[in-house]
Amino acid sequence: MVKRFFTFLFIIFLIYILFPMFYVIFSDTELNPLAANYVSAGPDELGSQNLVTSVIVTYRGLDTLGEVTVLFIATAGVGFLLKTKEAKSKKRKASELLQTGSGFLAPIIILFGVYIFSHGHLTPGGGFQGGVIIATGILLLMLANVNWKMNKTVLHTIESLSGAFYIVIGLLGIFLAGGFLDNRILPLGEFGTLFSAGAIPIIYSLIGLKVGSELVGILDNLSGEEA
Amino acid sequence: MILVSMLGFILIIIGLWGMLTQKNIIKMIIGFSIIDTGIHLVIVSIGYLKDRTAPILDAAVEKATAVERVVDPVPSALVLTAIVIGLAVTALMLVYAVQMYKHKKSLQINDFEELKW
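Those sequence lines, one after another, are chains D and W. If you're matching positions, the first sequence starts at 1 in this note's numbering and goes up one per residue. If you're matching positions, the second sequence starts at 1 in this note's numbering and goes up one per residue.
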């Protein structure tokens, strides 16, 4: 009873803290100077149509590197904690409907994921979303074929290579352009076309592959038999 | 947009209430996810400016007038980061729950008394 009272008190206190934030949030009518600089200088500097992408991949590329690292560590933790035994599965076979449907849909879903991350600099989307869509396509295949063994070597190779190339492209930016993860190592191209915005499509494709393979790794670990 | 941020704050409070009062570990993880979603809504609404559009320059938004026409791209970028981190943390917490269940065959937090004093 006392505990419940303190919980209640704590939540009231939290509401009291959060309430003044309303005034802070809705006092702005103009972009702040940093955002105004990103919006006005971004298109000419980086050649990316989607300004959120240029913020994520180039202006704050280090944040994204940290984010990829956190995701990698979490995946490694999941794999470490869930040591699964390669036992023969006793699961029921998937129905005919699911098997046929997944054979038809999975390639389209994976292709859609590739489209999302390769067009990240033009449309809303990007590496993380594309990677997650690819992982859902693989999840559909895993549901349809219950005894399907994931080829872990291929998965880990894709993950490591895309991570390594991401760092290599970032380092190339130091030598060929303005700094770490600068996208101007490649020509900026015509504004608004697929081959534009320098290295942003390449970096986002690598992020997409890395996120996709990491999430597939998590799904594979979670679907395993108990050790 | 004031509605969205209010919804976000309400979700944060509901999620915190769930984490503090529920005894089942899975329900506590669900509470964490609710807090996470609420924080995303609040961050997105911080970047919103009235009568403005998404920060993507195309035929509708000219490059020259973009500063007056688009919302702040930085909170959108940050919320993208936050979603991915939230997913990773949730997956890791669920795996901890699996391990705890294997250890004690129970998901009630009261059964785990090693750290109680």
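The hints are simulated quantities; they were obtained by calculation from the structure and are not laboratory data. Virtual Cβ for every residue (Gly too), placed ideally from N, Cα, C. Keep in mind that a hint or two might mislead.
Residues from chain W shown here face chain D by an in silico Cβ test under 7 Å; the list is partial [as the list claims (entries may be wrong)]:
(1) F32
(2) I56
(3) K63
(4) A66
(5) V67
(6) V70
(7) A77
(8) I85
Cross-check of the supplied hints:
Using the Cβ-Cβ criterion of 7 Å, the hint placing F32 (chain W) at the interface with chain D is not satisfied: the shortest such distance is roughly 14 Å. The closest approach between the C-beta of I56 (chain W) and any C-beta of chain D is roughly 5 Å, which is under the 7 Å cut-off, so the hint is satisfied. For K63 (chain W), the interface hint holds, since its Cβ comes within 7 Å of a Cβ in chain D; the closest pair sits about 5 Å apart. Because the beta carbon of A66 (chain W) sits about 5 Å from the nearest beta carbon in chain D, less than 7 Å, this interface hint is met.
The interface hint given for V67 (chain W) is met, as the beta carbon of that residue sits about 5 Å from the closest beta carbon of chain D, less than 7 Å. Interface hint at V70 (chain W): satisfied, since its Cβ lies 6 Å from the closest Cβ of chain D, which is below the 7 Å cut-off. Checking A77 (chain W) against chain D: minimum C-beta separation of about 4 Å stays under 7 Å; hint holds. Using the Cβ-Cβ criterion of 7 Å, the hint placing I85 (chain W) at the interface with chain D is satisfied: the shortest such distance is roughly 6 Å.
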